[in-house]
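Q: What follows is each chain in one-letter form.
There are 2 protein chains.
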Amino acid sequence: MSLRRVVLDEREIPQVWYNLQADLPEPLPNMLHPVKRNPLVPDDLAAIFPPGLIEQELSRERYIDIPGEVMDIYRSWRPTPLIRALKLEQLLETPAHIYYKYEGTSPAGSHKLNSSAPQAYYNKQAGIKHLTTETGAGQWGSALSIACQFFGLECTVFMVRVSYDQKPYRRTFIETYGGRAVSSPSQETEAGRKVLAEQPDTPGTMGIAISEAVEVAAQNPDTNYALGSVLNHVLLHQSVVGQEAKNQLEKVGCFPDVIIGCHGGGSNFGGLIAPFIRDKIEGKAVRIIAVEPTSCPTLTKGKYDYDYCDTFGLTPLIKMYSMGHTHTPPGIHAGGLRYHGASPIISSLLHHGLIEAQAYPQTDVFGSAISFARTEGILPAPESAHAIHAAVEEALKARETGEEKTILFGLSGHGHFDMSAYEDYLAGKLG
Amino acid sequence: MSLRRVVLDEREIPQVWYNLQADLPEPLPNMLHPVKRNPLVPDDLAAIFPPGLIEQELSRERYIDIPGEVMDIYRSWRPTPLIRALKLEQLLETPAHIYYKYEGTSPAGSHKLNSSAPQAYYNKQAGIKHLTTETGAGQWGSALSIACQFFGLECTVFMVRVSYDQKPYRRTFIETYGGRAVSSPSQETEAGRKVLAEQPDTPGTMGIAISEAVEVAAQNPDTNYALGSVLNHVLLHQSVVGQEAKNQLEKVGCFPDVIIGCHGGGSNFGGLIAPFIRDKIEGKAVRIIAVEPTSCPTLTKGKYDYDYCDTFGLTPLIKMYSMGHTHTPPGIHAGGLRYHGASPIISSLLHHGLIEAQAYPQTDVFGSAISFARTEGILPAPESAHAIHAAVEEALKARETGEEKTILFGLSGHGHFDMSAYEDYLAGKLG
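Chains A and B are the protein sequences, given in the same order.
Position 189 of the first sequence, counted from 1, bears residue number 189 in our numbering, the numbering being contiguous throughout.
Take any residue in the second sequence, count from 1 to its spot, add 431: that is its number in our numbering.
Keep in mind that the hints were calculated from the coordinates and are not lab data.
Everything numeric in this text was worked out from a predicted model, so none of it was measured.
By construction, the Cβ of each residue, glycine as well, lies at the ideal position given by its N, Cα and C atoms.
Keep in mind that a hint or two might mislead.
Which stretches of chain A does chain B cover? Using the computed rule of at least three CB atoms under 8 Å from a CB of chain B, they are [said to hold, decoys possible]:
hint: 1; stretch: 191-205
hint: 2; stretch: 376-383
Lysine-lysine pairs mimicking DSSO-like chemistry, simulated, CA-CA at most 27 Å apart [to be verified]:
hint: 3; chain 1: B; residue 1: LYS734; chain 2: B; residue 2: LYS467
hint: 4; chain 1: A; residue 1: LYS251; chain 2: B; residue 2: LYS467
hint: 5; chain 1: A; residue 1: LYS124; chain 2: B; residue 2: LYS518
hint: 6; chain 1: B; residue 1: LYS732; chain 2: B; residue 2: LYS750
hint: 7; chain 1: B; residue 1: LYS560; chain 2: A; residue 2: LYS87
hint: 8; chain 1: B; residue 1: LYS750; chain 2: A; residue 2: LYS129
hint: 9; chain 1: A; residue 1: LYS36; chain 2: A; residue 2: LYS251
hint: 10; chain 1: B; residue 1: LYS711; chain 2: B; residue 2: LYS732
hint: 11; chain 1: A; residue 1: LYS87; chain 2: A; residue 2: LYS194
hint: 12; chain 1: B; residue 1: LYS711; chain 2: B; residue 2: LYS836
hint: 13; chain 1: B; residue 1: LYS467; chain 2: B; residue 2: LYS711
hint: 14; chain 1: B; residue 1: LYS467; chain 2: A; residue 2: LYS87
Some, not all, of what chain B presents toward chain A, calculated at C-beta under 8 Å [claimed, not checked]:
hint: 15; residue: LEU471
hint: 16; residue: ILE801
hint: 17; residue: SER802
hint: 18; residue: GLU824
hint: 19; residue: LEU827
hint: 20; residue: GLU834
hint: 21; residue: THR837
hint: 22; residue: TYR853
hint: 23; residue: LEU857
hint: 24; residue: LEU861
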């Protein structure tokens with residue numbers, strides 16, 4: 001009998017975060033000030049981030065201790081299961097062994113709570129009362145609302161309009177935990193009013209929503225901003241995912257030949273691959289693939305250069321793959337992957353050839369999502385389904401070559417709040 | 432450090448079902464033929480159930496082996512976690528230790544897949560091609576759709592109209608797995624057409640939906656009917672829940688002083704308490720509490736007598752607590768608890784004083800649901816929230832008496848498809 005699920009005891013939750021910055025071939029290029037364009041000093045970030053997170057953002061220490069109060073939160077759902085996709089393998093008639101690390105068992109339904117919990121913690125420590133943020137698909141906004149509730153902070157979520165409209169129940173979910181969801185662009189900020197005046201019908205973008213959230217945080221001393229992806233400290237927090245997955249694979253005597261994750265800003269992907277890059281540098285033959293939608297092909301078609309994280313140029317300039325900070329991707333259903341930029345860490349890894357990137361159209365992705373649901377049972381988030389689709393493609397290649405390779409992919413969340421996407425797909429209405 | 436979650440290895444999934452019929456003070460009264468009113472023989476059930484399930488329905492063997500192919504399905508999410516509600520305890524300032532067995536990690540989002548999987552298996556074995564069923568909240572319909580997909584069966588779900596309207600995404604969920612959801616009463620059956628002619632605005636009931644599903648099954652030789660609760664074989668399958676919970680509590684050196692489960696037809700409650708009744712009979716001081724809504728007070732106000740399972744009297748008569756088979760409860764949000772009758776096993780246990788029953792109004796229940804979500808993180812199904820509320824009440828009593836008692840409750844599912852209920856509650860619109 002093969003093990004279907006590899007479960008860990010809560011004593012096996014990683015006690016440290018794994019910092020990918022320690023493994024980069026060269027240090028990350030400095031962030032630049034949004035106006036002056038000189039290299040940023042930590043103090044420049046202090047208007048919107050607490051000291052604990054700024055320190056992590058810039059740290060090159062490989063291991064960073066996870067505070068006890070954050071461990072306490074992690075224990076309510078971690079460790080998450082690693083599952084062998086036996087039924088999917090049967091369907092595909094592949095000799096490949098497919099494993100997926102499932103983060104959808106978190107109360108927020110995705111990996112996002114891994115970072116929102118420590119972000120709320122460090123802000124609380126710094127005396128902050130209120131956090132603002134943006135959300136695309138709603139996963140991050142939900143996770144931050146829950147984390148703020150745990151630490152007694154107020155929470156305002158600027159939700160990209162297309163997702164706000166597609167997912168009415170995401171708003172209710174956020175509000176159930178005490179957060180406030182605002183359709184973005186909104187009338188609550190200068191940035192929002194400006195967009196609405198010029199393009200009243202805009203579907204919104206992550207870039208605009210970030211501008212709104214940053215604006216509110218910068219103007220109020222007791223308010224900070226929280227980002228759900230892209231930044232180094234976010235990837236750091238997500239490294240619990242990869243560390244657990246690596247431990248779980250070791251328990252069944254495996255090391256992956258291919259590692260696959262979906263990529264929007266990079267938090268899920270970066271967390272999954274965190275402890276594997278050093279293996280690759282040290283000579284292990286492992287392919288590491290970031291998967292994105294063809295409608296927002298940041299890594300496969302973007303340019304590696306300095307750009308803003310937001311639409312209005314309020315954030316620092318960071319060196320990253322980007323479609324340009326004013327880019328408006330079409331309103332696809334994987335809202336979490338509609339971001340113009342990419343994590344600087346992931347960008348650097350791609351630039352140095354340590355990882356590769358692939359893009360797929362959403363109709364193909366949903367086809368694989370349905371196959372996955374009907375074999376493995378779990379209904380995947382549209383974002384996560386990008387990783388499923390790439391894993392299916394790899395498994396089909398293995399069928400042709402006869403290779404018994406081990407594929408690990410990240411299933412970053414469930415799709416329970418994405419039913420309108422499935423409805424559209426089943427009705428043949430997906431573009 | 433107290434353990435927050437007690438996890439089991441998949442080798443610790445129970446290999447047998449535990450049959451509560453073996454522990455009843457007296458054998459269950461015979462079912463009676465719906466028309467002739469004479470005691471039923473197994474052949475009478477053969478028009479709608481396969482031999483494997485009929486045998487289980489009537490068996491008094493204490494342990495019944497779980498087939499390998501069903502174990503195979505169970506392994507994709509079982510064992511489920513037992514979680515110590517540390518944060519809820521802190522909120523309530525109670526000396527009680529509260530544990531909950533969480534079944535929401537199943538692909539269907541509730542305990543229901545524990546029974547739909549074996550039901551699909553035994554029907555497949557008997558050469559059946561198509562299963563019909565009813566669903567209230569949608570949990571059972573979702574679970575049967577998934578199980579039918581796993582075993583290659585067609586699936587038609589008659590969904591009580593009020594739930595069908597309140598939960599549009601439940602329908603999409605069912606369809607994603609290949610099932611077909613039909614609003615009940617429907618034009619597809621004689622029973623449905625009759626109700627629609629007389630009461631075009633009816634919210635529907637579980638009783639009517641059962642009539643429709645049974646009618647289709649009885650008229651088509653390759654079609655059988657599957658029931659998600661009430662019947663003995665359903666409670667039998669759900670006994671994996673209680674067996675695991677008991678094992679998990681033993682691992683932390685506990686035996687519960689109070690066991691609490693929500694009760695609609697009895698499948699969740701019966702599964703949770705299955706291995707504990709014998710302890711009680713043998714002298715253990717444990718209170719076992721079934722919780723229902725005041726708007727459908729079957730156990731607290733119903734009559735213990737013979738009644739039909741459905742509205743039109745197509746099913747056998749069984750001796751159970753019932754509000755009367757033509758009773759239409761108001762369209763409350765805990766659709767899974769809107770059933771006029773009750774499991775004959777649970778009814779017998781209540782009649783013999785081995786369990787007790789409590790009823791609560793839905794506004795109180797949602798208040799506790801929100802407190803639970805905001806402390807423990809998990810968003811509960813409205814049905815499960817009834818158990819939460821009763822556990823909160825017990826924990827508050829313990830605060831007054833200072834007793835350090837151990838409370839175990841069943842958290843049968845998540846509320847991701849019940850957001851309209853939370854929306855109404857947060858807006859103060861809940862009746």
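Q: Now look at each hint and say whether the structure bears it out.
A: Status of the hints after comparison with the structure:
no.: 1; hint: 191-205; result: violated (count 0)
no.: 2; hint: 376-383; result: holds (count 4)
no.: 3; hint: B:LYS734 - B:LYS467; result: holds (22 Å)
no.: 4; hint: A:LYS251 - B:LYS467; result: violated (61 Å)
no.: 5; hint: A:LYS124 - B:LYS518; result: holds (18 Å)
no.: 6; hint: B:LYS732 - B:LYS750; result: holds (15 Å)
no.: 7; hint: B:LYS560 - A:LYS87; result: holds (21 Å)
no.: 8; hint: B:LYS750 - A:LYS129; result: violated (58 Å)
no.: 9; hint: A:LYS36 - A:LYS251; result: violated (51 Å)
no.: 10; hint: B:LYS711 - B:LYS732; result: holds (24 Å)
no.: 11; hint: A:LYS87 - A:LYS194; result: violated (51 Å)
no.: 12; hint: B:LYS711 - B:LYS836; result: holds (16 Å)
no.: 13; hint: B:LYS467 - B:LYS711; result: violated (38 Å)
no.: 14; hint: B:LYS467 - A:LYS87; result: violated (47 Å)
no.: 15; hint: LEU471; result: violated (35 Å)
no.: 16; hint: ILE801; result: holds (7 Å)
no.: 17; hint: SER802; result: violated (11 Å)
no.: 18; hint: GLU824; result: violated (22 Å)
no.: 19; hint: LEU827; result: violated (21 Å)
no.: 20; hint: GLU834; result: violated (25 Å)
no.: 21; hint: THR837; result: violated (19 Å)
no.: 22; hint: TYR853; result: holds (5 Å)
no.: 23; hint: LEU857; result: holds (6 Å)
no.: 24; hint: LEU861; result: violated (13 Å)
Violated hints for the displayed structure, listed by number in ascending order: 1, 4, 8, 9, 11, 13, 14, 15, 17, 18, 19, 20, 21, 24.
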